[in-house]
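Peer 1: Sequence:
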Amino acid sequence: MAVNTQSMVKVFERPKSLNESQFSYCPGCHHGLVTRMIAQAIDELNIRERSVVIAPVGCSVSMYQWFNCDGTQAAHGRACAIATGIKRVNPELIVFTYQGDGDLAAIGTAESIHAANRGENITVVFINNQIYGMTGGQMAPTTLLGQRATSCPAGRDGRLAGYPIRFAEMVAQLDAPVYVTRQSVFDQKRIMSATRAIKKAFQYQVECKGYSLVEVLTNCPTNWRMGILEANRHLAEVVVNTFPLGDFVDRG
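Numbering (our numbering), first residue to last: 629 to 880.
These are computed hints drawn from the structure, not numbers from a lab. The structure presented is a predicted model; accordingly, all values stated were derived computationally and were not measured. Among these hints, one or two may not hold up.
Unchecked claim - For lysine-lysine, the following DSSO-like pairs were computed, each having C-alpha atoms within a straight-line distance of at most 30 angstroms:
hint : residue 1 : residue 2
1    : K638      : K817
2    : K715      : K644
3    : K715      : K828
4    : K817      : K827
5    : K827      : K638
6    : K828      : K644
7    : K837      : K644
8    : K715      : K837
9    : K817      : K828
10   : K817      : K837
11   : K817      : K644
12   : K828      : K638
13   : K827      : K715
14   : K837      : K638
15   : K827      : K837
Construct the entire structure; sequences and hints are all you get.
Peer 2: Rendered as structure tokens:
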């Protein structure tokens, strides 16, 4: 049967804020999905010409190469400091960081906390996959109790290594942040919720309301040694017990 292509309507396409460079993420990793969601928010808010991405050290180290906007590379953990400097020099820019649990909540703890405490008008997207992804699967600040990693093969012991850091809850105790939320992307409902949260965080920056943090629980099938479906179930059934989803602060 002949198909009338002239009557077909395109309903899904690559966001204009992403170029055609191939991601370096592992198959099944949620990084690619969240990266696309950010680009979609930038397109919908029509802020691409004003946007600046601050790339971390980690799985997204090459992020500035994938976005059709200005970008720069930060030293490990210093993304929020770089974002602060750029935003203060030119407040008209829309500046966002994209950081993993090691970059933001380990080596970058001081920069991350103080940028939030100052209420810098930036957007921080925090990818929490509970492990160091790029460097071989070592224990991260967010690694669950009992979770095995290359640096704790018997599982994380809270008495020796401390307990998982709930970064969103920490930031939510501060007076300055305007929006703090934790989302996930393990099913369609959560993908839609995370998409709305990311767009809101950018919208608040456009409106000069202040600091926003969107923490996103994601998987790491490679270092978790799980299949994709099993990794998503693990997020939905295990990880959320330590890191509950939802908004912690919304002063917008």
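Peer 1: It remains to establish, for every hint, whether it holds in the given structure.
Peer 2: Here's how the hints hold up against the structure:
Between K638 and K817 the CA atoms are separated by roughly 23 angstroms; this keeps the pair inside 30 angstroms, and the hint holds. For the suggested pair K715 and K644, the alpha carbons sit about 23 angstroms apart, so the restraint of at most 30 angstroms is met. A hinted pair counts as satisfied when its Cα atoms are at most 30 angstroms apart, and K715 with K828 qualifies at roughly 19 angstroms. Between K817 and K827, the direct Cα distance comes to roughly 16 angstroms. Compliance with the 30 angstroms bound is thereby established for this hinted pair.
The hinted pair formed by K827 and K638 meets the criterion: a straight-line CA distance of about 22 angstroms does not exceed 30 angstroms. Restraint check: the Cα-Cα separation between K828 and K644 comes to about 19 angstroms, which is no more than 30 angstroms; the hinted pair holds. Taking the CA atoms of K837 and K644, the gap is about 26 angstroms. The hint holds against a cut of 30 angstroms. Between K715 and K837 the CA atoms are separated by roughly 13 angstroms; this keeps the pair inside 30 angstroms, and the hint holds.
Simply put, K817 and K828 have alpha-carbon atoms about 17 angstroms apart, close enough for the 30 angstroms limit, and the pair holds. Using a Cα cut-off of 30 angstroms, the hinted pair K817 and K837 holds, with the two alpha carbons roughly 27 angstroms apart. Between K817 and K644, the direct Cα distance comes to roughly 24 angstroms. Compliance with the 30 angstroms bound is thereby established for this hinted pair. Taken as a hint, the K828 and K638 pair is honoured in the structure, with Cα atoms around 26 angstroms apart against an allowance of 30 angstroms.
This hinted pair checks out: K827 and K715 have alpha carbons roughly 19 angstroms apart, not beyond 30 angstroms. Between K837 and K638, the direct Cα distance comes to roughly 35 angstroms. Violation of the 30 angstroms bound is thereby established for this hinted pair. Our distance criterion of 30 angstroms between C-alpha atoms is met by K827 and K837, whose separation comes to about 14 angstroms.
Of the numbered hints given earlier, the model fails hint 14 alone.
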